[in-house]
Amino acid sequence: MSQKDSFVKFEKVDKSYDGEVLVVKDLNLDVPKGEFLTMLGPSGSGKTTVLMMLAGFETPTSGEIYLDGNPISSIPPNKRGIGMVFQNYALFPHMTVKENLAFPLEVRKMQKSEIDEKVGNALAMVELQDFGNRMPLQLSGGQQQRVALARSLVFEPRLVLMDEPLGALDKNLREQMQYEIKHIHEKIGITVVYVTHDQSEALTMSNRIAVFNDGKVQQISSPDVLYEKPNSSFVAQFIGENNQLKGKVKSINGENCIVTTDSGDDVHALKINVKNNGDGSLVSLRPERVAINSSENFENNFDAKVKELIYLGDHIRSRVEVCGNDQFIVKIPNSYKEANLKEGATVKLSWKASDSRALDLN
Amino acid sequence: MNHSQSSAGLILTTDGIPLKISLKKAERVNKIRAFLLVSPLLIFILVTFLIPIGDMLARSIDDRQINTVFPKTFEVYKKWDRQGLPSEEVYKTMFFELKNSEGYSVGKASTRMNYSKSGWKSLLKKSKRKFKKIEEGPFKEKMIAIDKKWGDREYWLALGQMVDPTTMGYYLNAVDLKYDSNKNIVQQKENRRIYNKTWIKTFKVSVLVTLFCLLLGYPISYLLATLPMKYSNLLMICVLLPFWTSLLVRTVAWMVMLQQKGVFNNLMVMAGLIADENRWQLMYNQTAVVIVMTQILLPFMVLPLYSVMKTISPTYMRAALNLGASPLHAFYKIYMPNSIPGVSAGCLLVFILAIGYYITPELVGGKDGQMVGNWIAYHLKTTLNWGLCAALGAILLAMMTALYWAYNKIVGIENIKLG
Numbered sequence: 092m093s094q095k096d097s098f099v100k101f102e103k104v105d106k107s108y109d110g111e112v113l114v115v116k117d118l119n120l121d122v123p124k125g126e127f128l129t130m131l132g133p134s135g136s137g138k139t140t141v142l143m144m145l146a147g148f149e150t151p152t153s154g155e156i157y158l159d160g161n162p163i164s165s166i167p168p169n170k171r172g173i174g175m176v177f178q179n180y181a182l183f184p185h186m187t188v189k190e191n192l193a194f195p196l197e198v199r200k201m202q203k204s205e206i207d208e209k210v211g212n213a214l215a216m217v218e219l220q221d222f223g224n225r226m227p228l229q230l231s232g233g234q235q236q237r238v239a240l241a242r243s244l245v246f247e248p249r250l251v252l253m254d255e256p257l258g259a260l261d262k263n264l265r266e267q268m269q270y271e272i273k274h275i276h277e278k279i280g281i282t283v284v285y286v287t288h289d290q291s292e293a294l295t296m297s298n299r300i301a302v303f304n305d306g307k308v309q310q311i312s313s314p315d316v317l318y319e320k321p322n323s324s325f326v327a328q329f330i331g332e333n334n335q336l337k338g339k340v341k342s343i344n345g346e347n348c349i350v351t352t353d354s355g356d357d358v359h360a361l362k363i364n365v366k367n368n369g370d371g372s373l374v375s376l377r378p379e380r381v382a383i384n385s386s387e388n389f390e391n392n393f394d395a396k397v398k399e400l401i402y403l404g405d406h407i408r409s410r411v412e413v414c415g416n417d418q419f420i421v422k423i424p425n426s427y428k429e430a431n432l433k434e435g436a437t438v439k440l441s442w443k444a445s446d447s448r449a450l451d452l453n
Numbered sequence: 013m014n015h016s017q018s019s020a021g022l023i024l025t026t027d028g029i030p031l032k033i034s035l036k037k038a039e040r041v042n043k044i045r046a047f048l049l050v051s052p053l054l055i056f057i058l059v060t061f062l063i064p065i066g067d068m069l070a071r072s073i074d075d076r077q078i079n080t081v082f083p084k085t086f087e088v089y090k091k092w093d094r095q096g097l098p099s100e101e102v103y104k105t106m107f108f109e110l111k112n113s114e115g116y117s118v119g120k121a122s123t124r125m126n127y128s129k130s131g132w133k134s135l136l137k138k139s140k141r142k143f144k145k146i147e148e149g150p151f152k153e154k155m156i157a158i159d160k161k162w163g164d165r166e167y168w169l170a171l172g173q174m175v176d177p178t179t180m181g182y183y184l185n186a187v188d189l190k191y192d193s194n195k196n197i198v199q200q201k202e203n204r205r206i207y208n209k210t211w212i213k214t215f216k217v218s219v220l221v222t223l224f225c226l227l228l229g230y231p232i233s234y235l236l237a238t239l240p241m242k243y244s245n246l247l248m249i250c251v252l253l254p255f256w257t258s259l260l261v262r263t264v265a266w267m268v269m270l271q272q273k274g275v276f277n278n279l280m281v282m283a284g285l286i287a288d289e290n291r292w293q294l295m296y297n298q299t300a301v302v303i304v305m306t307q308i309l310l311p312f313m314v315l316p317l318y319s320v321m322k323t324i325s326p327t328y329m330r331a332a333l334n335l336g337a338s339p340l341h342a343f344y345k346i347y348m349p350n351s352i353p354g355v356s357a358g359c360l361l362v363f364i365l366a367i368g369y370y371i372t373p374e375l376v377g378g379k380d381g382q383m384v385g386n387w388i389a390y391h392l393k394t395t396l397n398w399g400l401c402a403a404l405g406a407i408l409l410a411m412m413t414a415l416y417w418a419y420n421k422i423v424g425i426e427n428i429k430l431g
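Taken in order, these protein sequences are the chains called A and B. Counting from 92, one number per residue, gives the positions in the first sequence under the working numbering. Counting from 13, one number per residue, gives the positions in the second sequence under the working numbering.
There could be a bad hint or two in this list.
Said to hold, decoys possible - The list that follows gives simulated cross-link-like pairs (lysine-lysine, DSSO-like), each with its CA atoms no further than 30 Å apart:
#	chain 1	residue 1	chain 2	residue 2
1	A	124	A	200
2	A	116	B	242
3	B	322	A	189
Treat the hints as calculated values from the structure; they're not laboratory data. Nothing here was measured: the structure is a model prediction, and the numbers come from that model.
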């Protein structure tokens, strides 16, 4: 990525609150203009701290943040011109929706007519034209969320930050709002940095996802790469469902390797995050990439015992014991071929070496 | 639809009884239970609060004392045309009623008569003693012979104020007015006008105390509401500490601090800021009252402020900053409007407490710092003019009610938050 592409740049940023623990460790991150970047991670992983440093409410302990090429650590939050949607919206309760939207324009000393026009446009964007004179508390959660979104965009900031903005909404509304935010982003092409701990939210909306754990970015890539090619055990486990087989590296052959599981089975896998023979490794494998009783020729073929079958309509979720792991999940499409599977039966499981990834022991 | 809703619009239950009646019946037991639960408190408040207040309000206009002691005299008195002296009949009735009355009731009546015209008390006391020797008329001449005040028309005219069983006299007195002998409302004599000055002083002190409490309490409440828990708890204890100390101890401590040879003046002299002979007069005046009352009433400002500020999410300020407002602008436009319920609750509370304050002005106020509460106590304990006490108290009550009403009109009482 060239320097020109990097609109937001974190350079060797560390952050500590108490001088004992680093909540953000050596963060280096580039966000190109117009990108929707999501910071995803469990709570306490440092992602919100990163966002607060970008907004100016926290200062980096060391390192520097650049916005459009300029260092911003010494610029106070009110001079940064960054929009933000807060977790609980932070709509001013004593002002109407219109007054809330007009606030950032008034502090910028705009003309009354210009303010009216921009507020009108912003309300139209989130389809709340008829609600301008309501107080925030008279609106539903979803409507408040849309007002907060409109307020963060109304003064045309260069960058918008969103701190788990959908956390307080129920599931249906949350999914609907995900699409709305995605569409607005596509329409106006603004750069968005979004924080969430909800992986499906991240996968739905983002151009790229940065997975945070323990103050560090574990992996940063597009949603499909992140799901299909995780490069560490943490990411593989955190994103989507994942089977793991624990063992030691037996041999390495170029891009491939063989891992011997604790039960003595040899698993063919891609060499991703292991270095030497004898290293401990977790082999990661998505449940939907495992074939059951297949006649095709795969590198990995094992007999497995069916422990549990859970009927889920479109597919059957099957827990089996294979290679010493009795928590191994296989997703079987609900088609006529597999209809006669029984608990306690022995089946043949097979998968490609290119679908199994030998990762660190974590 | 037709089944459940009759043509008159009444909704019926399945049994055919109107829904409202049915509902009332169902809720009656609950209402009775609720009433029984509150009834002990209701009775307590009635006996210890409502009845005494009602009695006090009645006293402020009650004027029956003389009518009960000299009922017949007042009957004949009413026939007097107020020209010259009253007739022999009035003197005669007065003579017998005074002679045959009990000393105790005459004492009470004469006190009241003295409010209308000073001199009555001694006149009745002296006359009652001398009347014992007199058996028959003509009473007019004999009475005037005992004391020539009996022949002074002014005394007889003053009685006219007391003919009615109710009077506005106490209220007039409380605002430096009085009835003259023809029952016209006139100003008190120059040297007896004290209450209007006191009212203004009381108002001024209360406003100042409220203002200083707000100025001192707002920042500390803000700090309390925004500091992390472990610091704010400690600070809260410091704020509440005065609550745990006796009011008298605190007031006396202030006396030690503020008097002319006290700690504060000594420090100022030691620091060379004032000359030894020019020590500040900080005690026994209004300044002392304002300083000490501000300190004593400060918690009543801080607590409502704190409880409201605690509910103002810090993200409001962050959001305002993020949207481009300077910290000052954000505070003025976002934080302050949201803290208004606490400000108004605190101000109302402190003002109401201040306007009726008694002990602090009594101890540190000196002559200059006396407030209405002190006059009430004075008349209650020293002059025993309970009618005037009642009138002063009733005016205080009316002022507070008016304030409360105005507050409700302007801010809305539902916006008040005490905690």
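Where does the structure disagree with the numbered hints, that is, which hint numbers, in rising order? The structure breaks none of the hints.
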